[in-house]
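Asks: Here the protein sequences come in this chain order: W and B.
Residues 42 to 378 in the working numbering are what the first sequence spells out, letter by letter.
Residues 81 to 490 in the working numbering are what the second sequence spells out, letter by letter.
The set of hints was computed from the structure by calculation and includes no laboratory data.
Just to be clear, a hint being listed does not mean it is correct.
[As the list claims (entries may be wrong)] Taking lysine to any residue pairs in the SDA-like style, the calculated list, with each CA pair at most 25 Å apart, reads:
#1 B:K312 - W:Q64
#2 W:K91 - B:N376
#3 B:K375 - B:V306
#4 B:K375 - W:K307
#5 W:K307 - B:V306
#6 B:K375 - W:S92
[Stated by the list, open to error] Facing chain W, a subset of chain B residues (Cβ under 10 Å, in silico):
#7 G181
#8 S184
#9 S295
#10 A297
Bear in mind that the values here come from a model prediction, so they are computed numbers and not experimental data.
Virtual Cβ for every residue (Gly too), placed ideally from N, Cα, C.
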Amino acid sequence: MPRRTMIEAIRDAMDVSMGRDSQVIVYGEDVGFFGGVFRATQGLQAKYGKSRCFDAPISESGIVGSAIGMAAYGLKPCVEVQFADYVYPAYDQIVSEAARLRYRSNGDFTCPIVVRMPTGGGIFGGQTHSQSPEALFTHVSGLKVIVPSNPHDAKGLLIAAIEDPDPVIFLEPKRLYNGPFDGHHDKPVTPWSKHELGEVADGHYTIPLGKAAIRRPGSAVTVLAYGTMVYVAQAAAEETGIDAEVIDLRTLLPLDLEAIVASVKKTGRCVVVHEATLTSGFGAELAALVQENCFYHLEAPVARVAGWDTPYPHAQEWDYFPGPARVGRALVETLEA
Amino acid sequence: MADAGLLRFHVPEPEVRPGGTPDFSNVTIPKAGSVPRPEIEVDPRSIRDMAFSIIRVLNRAGEAVGPWTGLLSDEELLEGLRHMMTLRTFDARMQMAQRQGKTSFYMQHLGEEAVSCAFRKALAPGDMNFPTYRQAGLLIADGYPMVTMMNQIYSNEADPLKGRQLPIMYSSKEHGFFSISGNLATQYIQAVGWAMASAISNDSKIAAAWIGDGSTAESDFHSALVFASTYKAPVILNVVNNQWAISTFQGIARGGSGTFAARGLGFGIPSLRVDGNDYLAVHAVAKWAAERARKNLGPTLVEYVTYRAGAHSSSDDPSAYRPKAESDAWPLGDPVIRLKNHLIHKQVWSEERHTQAEAEILETVIAAQKEAESHGTLHAGGKPSTRDMFEGVYAEMPPHLRRQRQQAGV
């Protein structure tokens with residue numbers, strides 16, 4: 042099976058979708074001729090023409106707003122917001138419009154759009170190229186929110202997102218574009234070509250939304266993670282020698298509650314990990330769900346490891362990033378509790 | 081250096097406030113028929129002055145004059161009059177129903193009926209409007225059933241939107257009427273996107289974007305103009321300047337640009353101003369813009385100069401911020417009376433027939449209202465189910481909503 046980087050897998054997903062369905066349109070800033078700043082759309086304009094892959098003005102509300110109109114017409118736009126940090130001008134369009142169109146029109150108009158955006162830190166991007174705004178979207182009724190952690194999933198989930206009849210926020214952990222980053226920033230990254238989840242089948246396949254995957258089976262504690270933190274959590278388990286079960290949520294909304302509950306009932310302990318800031322982060326929702334559904338199985342408080350409640354810093358990136366040492370400490374404390 | 085002293089902060093004010101004498105002497109009204117009608121292939125740069133004038137067809141004597149005339153037959157004009165009268169009567173009844181507690185909220189069109197009623201007649205089947213809350217004439221003039229509109233206003237058991245939307249936030253794909261959002265200006269760029277999609281699909285349909293003077297200040301208005309200009313989208317960019325954004329006079333959004341139509345000039349978009357209380361002028365200009373769009377000549381921006389004679393909504397009291405008699409002083413008159421006078425002048429209408437038509441229309445509206453009320457009103461009779469509240473968030477209900485629906489006991 043061919044191995045691909047995450048960028049190649051994402052590009053392949055759009056390529057396959059555009060090849061199968063002429064309604065699929067791809068655009069965004071620098072997306073057309075150049076192929077995007079991360080090259081996710083490289084070659085798509087040459088292959089499918091300027092009507093189906095083109096550059097957009099620097100206007101996120103314009104990009105998403107026009108995509109909503111296109112979807113109302115009957116197209117399936119898959120648009121790129123260059124960094125998740127730039128999505129806020131489009132927030133009104135996403136929250137008040139895309140998410141509610143089906144509901145408010147009772148299905149008269151629908152909004153099958155995908156908004157792709159690179160998320161998370163670890164690239165010395167400072168506060169405007171490092172944020173993880175997933176909780177701003179999981180709080181919104183009518184959206185679906187995906188955070189893939191590897192090339193295989195990224196392709197299958199993106200094709201599923203494009204084929205989904207409702208608006209999907211597709212957050213791509215940019216630190217994973219080239220390899221599974223486990224938080225050890227001082228060590229070389231294993232490229233996807235050397236990782237089994239870098240295996241990406243040719244052609245069409247989908248991964249259903251709302252299904253988590255167990256990345257590391259274990260019996261001592263459940264770690265709920267997504268995106269980059271999936272690898273940080275696995276590293277923490279290896280380095281502490283704790284038999285943690287690492288669950289990659291893959292889709293945050295809708296959430297695979299069944300998989301979470303089954304694992305926590307088995308282990309009796311739970312650590313929630315994300316890169317986004319702690320307060321009102323998605324981890325709060327996960328912790329609440331775990332205590333609601335697994336309270337009598339819990340042998341320790343649910344722990345959260347997250348980014349500190351500060352803006353994402355530049356020089357202090359590795360003090361901010363919840364790396365394997367912090368996650369490892371939480372594992373130890375949870376087991377000792 | 082005229083003034084090197086301390087900086088002064090500037091906040092524009094309307095000419096007159098409550099208690100003052102209405103004064104529109106600052107509004108320059110060109111003579112009807114005086115603004116030329118360019119070919120649709122015109123170079124936008126050569127008609128920049130049209131963004132500062134007002135295209136008018138009906139003169140004070142009720143005659144249709146000048147180069148923008150001759151598009152509508154007597155029958156079509158009579159139908160247009162009937163649409164405007166129907167909308168006005170519909171508004172009066174629904175405003176009253178709101179006061180009687182039959183619904184929570186209402187927004188009327190008083191004084192602005194010509195804009196949406198005449199515009200609708202310039203479009204073709206399949207074209208799509210992205211309206212604001214004050215274009216129900218698009219539905220009335222397209223034959224959308226009044227009973228259905230009322231069912232939506234009452235949020236009753238027959239409400240096509242299942243009680244999920246604020247009254248008057250209609251949606252009808254079939255009638256080219258995009259679901260209304262209470263958020264302002266969001267629909268403007270969506271209309272451009274819809275038009276882009278039509279062009280991408282090599283279709284022949286066009287879109288119409290709608291916005292009020294106040295919300296042209298929103299960034300979505302500007303992104304819409306950028307996208308429309310860049311991709312030459314087949315869209316008509318309508319700005320309804322009714323002088324008032326709730327209590328805020330139009331100068332607050334307009335700033336120093338002179339007119340709202342002038343906003344289009346920087347984008348190279350042909351930008352026209354039209355007398356919004358002149359049914360014939362609105363229709364003729366809309367037709368011109370629609371033809372441009374359909375011939376791949378791109379977007380046109382149209383500013384409709386009109387006046388919001390009623391309150392902003394059922395929750396608003398205009399006497400707190402503008403003189404009571406201001407609407408009477410509005411120099412462009414009343415759209416219903418002007419078209420009526422024109423048809424009387426043409427000897428195809430009379431005061432008697434007008435009075436008779438008013439009575440007939442009232443009867444039709446009351447009959448529709450009775451039928452709608454038989455399906456319930458907001459607080460009485462049939463209403464959408466609690467189950468309906470949980471449906472339709474997604475195409476397929478996800479597990480967490482199923483659980484919540486169970487918790488709600490439905």
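Asks: Now, for every hint given, state plainly whether the structure supports it.
Replies: Hint check results:
With a CA separation close to 20 Å, the supplied pair K312 of chain B and Q64 of chain W stays within the 25 Å bound. The suggested pairing of K91 of chain W with N376 of chain B holds, with an alpha-carbon distance near 17 Å, which does not exceed 25 Å. Of the pairs offered as hints, the one joining K375 of chain B and V306 of chain B holds, with about 20 Å between alpha carbons and a cut-off of 25 Å not exceeded. With a C-alpha separation of about 66 Å, the suggested pair K375 of chain B and K307 of chain W falls outside the 25 Å cut-off, and the hint is violated.
A distance of roughly 56 Å separates the Cα atoms of K307 of chain W and V306 of chain B; the hinted pair therefore is violated under the 25 Å criterion. For the hint pairing K375 of chain B with S92 of chain W, the CA-to-CA distance comes to about 18 Å; that is within 25 Å, so the pair holds. Given the 10 Å rule on beta carbons, the hint for G181 of chain B is violated: about 24 Å separates it from the nearest Cβ of chain W. Given the 10 Å rule on beta carbons, the hint for S184 of chain B is violated: about 16 Å separates it from the nearest Cβ of chain W.
A distance limit of 10 Å between C-beta atoms decides the matter here; for S295 of chain B the minimum to chain W is near 12 Å, and the interface restraint is violated. Restraint check, A297 of chain B versus chain W: the minimum CB separation of about 14 Å is more than 10 Å; hint violated.
Violated hints, in rising order: 4, 5, 7, 8, 9 and 10; the structure is consistent with all others.
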